[in-house]
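> As you go down the protein sequences, you meet chains A and B in turn.
Quick note: the first sequence uses our numbering, first residue 1, plus one each step.
Quick note: the second sequence uses our numbering, first residue 1, plus one each step.
There could be a bad hint or two in this list.
Unchecked claim - Per the computed footprint, the stretches of chain A lying under chain B, defined by three or more beta-carbons under 8 Å from a beta-carbon of chain B, are:
id: 1; segment: 50–57
id: 2; segment: 68–79
Said to hold, decoys possible - Straight line, CA to CA, 25 Å or less: simulated SDA-like cross-link-like pairs of lysine to any residue:
id: 3; chain 1: A; residue 1: Lys3; chain 2: B; residue 2: Ile60
id: 4; chain 1: B; residue 1: Lys57; chain 2: A; residue 2: Thr103
id: 5; chain 1: B; residue 1: Lys57; chain 2: B; residue 2: Phe69
id: 6; chain 1: B; residue 1: Lys9; chain 2: A; residue 2: Ile39
id: 7; chain 1: B; residue 1: Lys57; chain 2: A; residue 2: Lys69
id: 8; chain 1: A; residue 1: Lys52; chain 2: A; residue 2: Gly15
id: 9; chain 1: A; residue 1: Lys69; chain 2: B; residue 2: Glu102
id: 10; chain 1: A; residue 1: Lys52; chain 2: B; residue 2: Tyr101
id: 11; chain 1: A; residue 1: Lys3; chain 2: B; residue 2: Phe69
id: 12; chain 1: A; residue 1: Lys3; chain 2: B; residue 2: Arg26
No lab work stands behind these hints, which were simulated from the structure alone.
Note that this is a predicted model, so its numbers are computed, not measured.
For each residue, glycine too, the CB sits at the ideal point set by N, CA and C.
Here's the letter readout for the chains.
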Amino acid sequence: DAKTTQPTSMDCAEGRAANLPCNHSTISGNEYVYWYRQIHSQGPQYIIHGLKNNETNEMASLIITEDRKSSTLILPHATLRDTAVYYCIVRVAIDASKLTFGTGTRLQVTL
Amino acid sequence: DSGVTQTPKHLITATGQRVTLRCSPRSGDLSVYWYQQSLDQGLQFLIQYYNGEERAKGNILERFSAQQFPDLHSELNLSSLELGDSALYFCASSRGGTISYEQYFGPGTRLTVT
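Generate the whole structure from the sequences, applying the supplied hints.
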């Protein structure tokens with residue numbers, strides 16, 4: 001699986017959009033970008049994933065650059081409950097085995 | 001609520017002992033995964049089962065073993081416990097064994113070895 005690079009931490013004011021970047025410059029054509037988050041010692045929570053097109057669901061939007069070397073997870077209106085560690089994971093499409101978690105980005109949402 | 005259940009929530013035991021952690025996957029999910037999260041190692045994949053068969057192995061110690069039963073629930077057995085085995089143990093489930101569907105995680109079992 002391709003390696004990912006994320007900032008260690010970020011702050012965001014409540015009600016504003018949180019934009020979390022991820023670099024995956026060695027991504028292969030058959031690899032998806034997945035985002036998970038972990039809220040303080042709870043089980044990681046799936047957020048969204050994509051291959052090359054931008055994706056949106058009820059939780060977030062995922063913007064993948066045209067060259068697929070980086071992506072941004074957008075939480076449109078961050079709340080205090082979005083405070084968590086966010087993990088960007090690159091994973092082969094036909095490989096249902098492990099998720100490889102890096103150190104992620106610790107997002108702190110403040111009043 | 002992810003639909004994945006794990007028991008017990010907390011477990012405190014002594015070094016040298018053996019414990020069993022239990023996981024029930026989401027309805028319809030055939031794959032079960034076990035992960036360990038310790039302070040110094042982060043989230044580490046241990047093992048995957050698909051429809052009763054071992055599918056993939058990660059950094060699982062020989063003292064640890066797992067199985068998936070016909071009703072698809074899974075158990076992780078940890079034996080000869082050491083202080084360093086203290087960690088959060090998560091179970092996750094997903095639909096398939098080949099296609100990389102998203103994984104849904106349970107609330108975890110916090111193991112403390114004293």
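> Decide, hint by hint, whether the structure agrees.
Evaluation of the provided hints:
| no. | hint | verdict |
| --- | --- | --- |
| 1 | 50–57 | violated (count 0) |
| 2 | 68–79 | violated (count 0) |
| 3 | A:Lys3 / B:Ile60 | 22 Å, holds |
| 4 | B:Lys57 / A:Thr103 | 21 Å, holds |
| 5 | B:Lys57 / B:Phe69 | 18 Å, holds |
| 6 | B:Lys9 / A:Ile39 | 16 Å, holds |
| 7 | B:Lys57 / A:Lys69 | 29 Å, violated |
| 8 | A:Lys52 / A:Gly15 | 28 Å, violated |
| 9 | A:Lys69 / B:Glu102 | 21 Å, holds |
| 10 | A:Lys52 / B:Tyr101 | 17 Å, holds |
| 11 | A:Lys3 / B:Phe69 | 34 Å, violated |
| 12 | A:Lys3 / B:Arg26 | 29 Å, violated |
Hint compliance for this structure: hints 1, 2, 7, 8, 11 and 12 are not met, and every other hint is.
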